[in-house]
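Number of protein chains: 2
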Amino acid sequence: MANTGRTGRRPGKSDTRAEILAQARTLFAERGYPDTSVRAIAAAAGVDAALVHRFFGTKEQLFHACLVVPFDPTAMFHEIAAHGPDETSVRLVRGFLALWDSPETGPALTGFFRRALAEPETSAASRDFSSSAAVTTAAAARALLPGASEAEAQRRLSLVLSQIFGLLTTRRLLGIEPLTSWDADDLAAAVAPAITHYLYGELPPEKENDQ
Amino acid sequence: MANTGRTGRRPGKSDTRAEILAQARTLFAERGYPDTSVRAIAAAAGVDAALVHRFFGTKEQLFHACLVVPFDPTAMFHEIAAHGPDETSVRLVRGFLALWDSPETGPALTGFFRRALAEPETSAASRDFSSSAAVTTAAAARALLPGASEAEAQRRLSLVLSQIFGLLTTRRLLGIEPLTSWDADDLAAAVAPAITHYLYGELPPEKENDQ
Numbered sequence: 001m002a003n004t005g006r007t008g009r010r011p012g013k014s015d016t017r018a019e020i021l022a023q024a025r026t027l028f029a030e031r032g033y034p035d036t037s038v039r040a041i042a043a044a045a046g047v048d049a050a051l052v053h054r055f056f057g058t059k060e061q062l063f064h065a066c067l068v069v070p071f072d073p074t075a076m077f078h079e080i081a082a083h084g085p086d087e088t089s090v091r092l093v094r095g096f097l098a099l100w101d102s103p104e105t106g107p108a109l110t111g112f113f114r115r116a117l118a119e120p121e122t123s124a125a126s127r128d129f130s131s132s133a134a135v136t137t138a139a140a141a142r143a144l145l146p147g148a149s150e151a152e153a154q155r156r157l158s159l160v161l162s163q164i165f166g167l168l169t170t171r172r173l174l175g176i177e178p179l180t181s182w183d184a185d186d187l188a189a190a191v192a193p194a195i196t197h198y199l200y201g202e203l204p205p206e207k208e209n210d211q
Numbered sequence: 212m213a214n215t216g217r218t219g220r221r222p223g224k225s226d227t228r229a230e231i232l233a234q235a236r237t238l239f240a241e242r243g244y245p246d247t248s249v250r251a252i253a254a255a256a257g258v259d260a261a262l263v264h265r266f267f268g269t270k271e272q273l274f275h276a277c278l279v280v281p282f283d284p285t286a287m288f289h290e291i292a293a294h295g296p297d298e299t300s301v302r303l304v305r306g307f308l309a310l311w312d313s314p315e316t317g318p319a320l321t322g323f324f325r326r327a328l329a330e331p332e333t334s335a336a337s338r339d340f341s342s343s344a345a346v347t348t349a350a351a352a353r354a355l356l357p358g359a360s361e362a363e364a365q366r367r368l369s370l371v372l373s374q375i376f377g378l379l380t381t382r383r384l385l386g387i388e389p390l391t392s393w394d395a396d397d398l399a400a401a402v403a404p405a406i407t408h409y410l411y412g413e414l415p416p417e418k419e420n421d422q
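As you go down the protein sequences, you meet chains A and B in turn.
Take the first sequence: its position 5, counted from the start at 1, is 5 in this note's numbering, and no numbers get skipped.
Residues are numbered in this note's numbering as their position in the second sequence, beginning at 1, plus a constant of 211.
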């Protein structure tokens, strides 16, 4: 390996940065935030702790850098919408299953989801996850329900989200069969009509005591 | 309070037993299995640790006693089925929302669900939860899909389960809006058509590589 990196251990800054992030994601997901030190992350990435601080700042800032969802929701939802409403639901489910089944993005997403669920909803992990879900939902609203009011889009997409999170919970966290072994395309086809109902079907009218 | 109990602190054996179970459920849910001692449970219930052991055996046996789902799934599903297939879906969702929203059964169920999700799927907590889900699913299959093959009932009910768990995840664990504030009956009406699709709708044919 050429000795060109800032620390002399990695070929380039962007590789080192990506490696630190990857190790941090893994350790935060496995051990949780309090039990993961910057020193341990640095060691796993094969760099000095000082370099981790130089790239990312504090441990908390590094954690937030890890939280950046490793996909671009706006691009994903526009790609999905480009194929027309008849294909939206099946492509949406397929897209999320691919993200979570993938060895590149799956473990980090699963780890953060698990951590958010494990802690009280007032915890930083849970709030971070909910914020991330809100960013994703807003992108979905713009791409998939451009004509809907914000309140209606929120209601419809929170139902969609509940089904997507339910699939991930049963398939990726609890390992419940036959959902876990189900071929992703077939599973997407089975779930699509439910998503279509949530996106475009008739819902009960909103009441005053509903938020 | 009459001094008639075995320890002289509670009026009767069944009250004491129920009180120990209630305190154990709360503490296991709040602190997790490793950090909850029989002594702490006994103290919370106002009895001696020896009495807890006499009633329930070891800490692990007490934990398993807590796992017994605090409702009778067979009775619940038969009651649901008695109103005919048109009402099955909405009653099913309403029934689960009631269980999880209730101050009596909700905290224990939420605690065990959270714990199962927090730990790896090979953990005892996750396996116990999955076993409990399997018992519930089998009862649902008998009551709601009596004509279906076991494999078909499993596929349909795992989809139903994914939506139910997704609602609980977003509504009870993550506090995502507007799902959390949504009136339970309205939410059940919004979700029912998706459940109807999973129970009675057309699913893609089962493939050999699906389990």
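If you are wondering where the hints come from, they were derived from the structure by calculation, not from laboratory data.
Careful, some of the hints might be misleading.
What the hints assert, rightly or not - Below 20 Å or equal to it, Euclidean Cα-Cα: the simulated SDA-like pairs (lysine to any residue) are:
1) A/207 to B/253
2) A/207 to B/301
3) A/59 to A/149
4) A/207 to B/395
5) A/59 to A/127
6) B/418 to A/178
7) A/59 to A/43
8) B/418 to A/128
9) A/207 to B/418
10) B/224 to B/289
11) A/207 to B/265
12) B/270 to B/253
13) A/59 to A/134
14) A/207 to B/342
15) A/207 to B/394
16) B/418 to A/177
17) B/418 to A/108
- prompt: When the hints from earlier in the document are held up against this structure, which numbers fail?
  reply: 1, 3, 8, 9, 10, 11, 13, 14 and 17
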